[in-house]
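With these hints in hand, go ahead and build the complete structure from the sequences.
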Amino acid sequence: MVKEVYVGGLGCVSALGKGVGIQLEKLIAAESGLGNLSLFDTNHQVVVGEVKHSTREMADMLGLRSDKGYSRTTVLGLMAAKEALADSGVNPDGLRIGLISATSVGGMDVSEVFFKEYLKDKSKGRLRQLIGHDCGASTQFMEKELGISGFATTINTACSSANNAIMLGARMIKAGLLDAVIAGGTDSLCRFTINGFSSLGILDKDVCRPFDVSRSGLNLGEGAGYLFLHSPEVKTKNIYCSVAGYANANDAFHQTASSAEGEGAYLAMKGAIEMSGFDRNEIGYINVHGTGTPNNDASEGVAMKRIFGDEVPDFSSTKGYTGHTLGAAGGVESVFSILSLYYGYVWPNLNFQNSISEAALIPVTVCRKKTNISGVLTNSFGFGGNCTSLVFKSFKTNKL
Amino acid sequence: MMQTNLYIDGMAGIVSSGHNGTLNAGDEPDYKTYIPDAGLRRRMSRLIKMGVTSSLMAIENSGEGVIEGIITGTGWGCLTDTEKFLVSIYENSERLLNPSSFIQSTSNTIGAQIALMLDSKHYNNTFVHGGSSFECALLDSSLLLSEGKKRLMVGGFDELTPTKSHLFSRMGVWKKFHCGEGAHFFIASASKSKKTIGKISAIEILSKDTPEDEIVERCSSFLSENGLKFSDLQIILNGIDDLSGCFENLNTALLNFKGECGEYPTSGAYGLFRGLNLLSGEKDKRHILIVNRYILDVFTFLLIEKV
Chain A
1 MVKEVYVGGL
11 GCVSALGKGV
21 GIQLEKLIAA
31 ESGLGNLSLF
41 DTNHQVVVGE
51 VKHSTREMAD
61 MLGLRSDKGY
71 SRTTVLGLMA
81 AKEALADSGV
91 NPDGLRIGLI
101 SATSVGGMDV
111 SEVFFKEYLK
121 DKSKGRLRQL
131 IGHDCGASTQ
141 FMEKELGISG
151 FATTINTACS
161 SANNAIMLGA
171 RMIKAGLLDA
181 VIAGGTDSLC
191 RFTINGFSSL
201 GILDKDVCRP
211 FDVSRSGLNL
221 GEGAGYLFLH
231 SPEVKTKNIY
241 CSVAGYANAN
251 DAFHQTASSA
261 EGEGAYLAMK
271 GAIEMSGFDR
281 NEIGYINVHG
291 TGTPNNDASE
301 GVAMKRIFGD
311 EVPDFSSTKG
321 YTGHTLGAAG
331 GVESVFSILS
341 LYYGYVWPNL
351 NFQNSISEAA
361 LIPVTVCRKK
371 TNISGVLTNS
381 FGFGGNCTSL
391 VFKSFKTNKL
Chain B
401 MMQTNLYIDG
411 MAGIVSSGHN
421 GTLNAGDEPD
431 YKTYIPDAGL
441 RRRMSRLIKM
451 GVTSSLMAIE
461 NSGEGVIEGI
471 ITGTGWGCLT
481 DTEKFLVSIY
491 ENSERLLNPS
501 SFIQSTSNTI
511 GAQIALMLDS
521 KHYNNTFVHG
531 GSSFECALLD
541 SSLLLSEGKK
551 RLMVGGFDEL
561 TPTKSHLFSR
571 MGVWKKFHCG
581 EGAHFFIASA
591 SKSKKTIGKI
601 SAIEILSKDT
611 PEDEIVERCS
621 SFLSENGLKF
631 SDLQIILNGI
641 DDLSGCFENL
651 NTALLNFKGE
661 CGEYPTSGAY
671 GLFRGLNLLS
681 GEKDKRHILI
691 VNRYILDVFT
701 FLLIEKV
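Protein chains in written order, with this note's numbering: chain A, 1 to 400; chain B, 401 to 707.
Be a bit skeptical, because a hint or two may be false.
[To be verified] Selected chain B positions facing chain A (Cβ under 10 Å, derived; list incomplete):
1) THR433
2) ILE435
3) VAL487
4) SER501
5) GLN504
6) GLN513
7) LEU516
8) HIS522
9) HIS529
10) LEU567
11) ILE635
12) PRO665
[Unchecked claim] 30 Å max Cα-Cα, derived BS3-like pairs, lysine-lysine:
13) B:LYS575 <-> A:LYS122
14) B:LYS706 <-> A:LYS122
15) A:LYS116 <-> B:LYS550
16) A:LYS174 <-> A:LYS235
I should point out that these hints are in silico values taken from the structure, not numbers from a laboratory. Owing to the predicted nature of the structure, the values given are computational and were not obtained by experimental measurement. Glycine included, C-beta positions come from ideal geometry on N, C-alpha and C.
So, in structure tokens, the structure goes:
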């Protein structure tokens, strides 16, 4: 049994830009990536966190063949996963490296184009466009492009997907099944989710205001975030931290809504902290799920109060930077949490003014330097009551 | 190859197969018995009803006991609801859409619905990796048991919708393959009990690029890694019609099961169900090898045994 699982590489693309460096820069500058939707036409008035490159442009940057169509989810995922692998400095040859990827929309952006034609005439629509529809197809393509073959799988537990991918990656390394795992998630904006969240009445027409009393919904985002997880035997250029705790629990309350007492969130946070061995007051920063919907933030806030009492650590939702990237959220936000831990900052919760009544909590509102953080917690919760929390622990000896 | 310790205490399933993209009427349970709430039943797609019902039937089969995790696999996901919502976007020009089908379109709907019905706040995960979705769910389950959980529910399910069937016939899939769909659930424990039907001892997932003519050889090494030869097997359950000729030459009993369940990404769950039902526990021939592949996806091997 491997005792510790390290994070030796990071990769991220979001509305803040392409690459981990630009994420860090914009997080420090408190500069949001939210704006108008330009990727496709819709009747909805929405604010989104869009990656400012077309799918074709990104495919070209990655050197992918130009005669093939790629789903946006695949291209975003490959971009971030490649960065994480390169950042580790590891040569995959001879190592058992797995890819555990999360996605909730898969190739939906391309399937939508197909369906529009198909609905008019059942003999129309380019069948090749459907090849990438299944969630697993993006992972299989990424695995091949990354040149790894240890193991591959895809997880979809809606908005908690990527945290589950990271958790499974850590567990497989601990069990000795793999030497390293590229784990995280990817999701692109598409009509399906914009219309879906709009039909639920939980899209804010303005910028989202997580944990603010005036919050009225989320902004959708897109992107990808991956971690290069490895056993101590695999030598990487750098070690950012270790994966010290994780827990997956179900709220078992409602298909889409969270319970008032935040039972699922409570169990996930509690489980992850207990496993990490940290005392509750040793958690230096929490990257909360904080979507900006009235229900999520109230429920998550109550769960935090249940765990931390009156001493809730510095926390923020970074959805005001990137929007809610759905199946990728746990990947993107794990990267943000690790950047907090590694570089010693707490990220501001953009657009916050007044705290909510259910849990009078005040998030971090300005970017602040905070050295000596020893542990950070990150939450991702999804439809179906799926809640997963992760705790990352600093790897001090390597920091100086 | 991963060695596993999954003792199956209960199982149940619903399956149907057919030809040329049309399913024969399969044996379906009376969903009312398992989902008495008429409103809830009406909102559920066929796949959700099949999945939830087979999970409850598996519990019935296994007897009482706490379920400490629900792990599911589905390659296609909740297609009916996905199609329904996608069509409504275009037909209603994005206006006044009913969110029900959006809510039920995510692949974790069934695992979540089961958690709701059982009030299970435990581990809950869903794999969506094409033809190895179910096998990945088994792998996760095996890890969970080795980490200390005692009893889990693991299932695989996919539905063939009229649209999927039509698109596959346009692609020419049904010229070569049987169509099918199914939902199967298993109650897995960390140790043997009076209820144990059989044990899953090892799992292998091979790349979809593995040449088909190497599969028999790869089966042979999979068996030898587990201390076995083909002649030690009670029977081989083969889900790859193209390979039936190769397996016939081995002088081991053979059952080609794909005609019974058809092609769907989690057809491996049917293979497992079929295999566990066949385990005879004959002396010296306690093992069954299940070989499967969903269309052109990865190859999967399961080794099960009577314990």
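Original post:
Honestly, which of those hints from before does the structure not fit?
Top reply: 1, 2, 11, 14, 15
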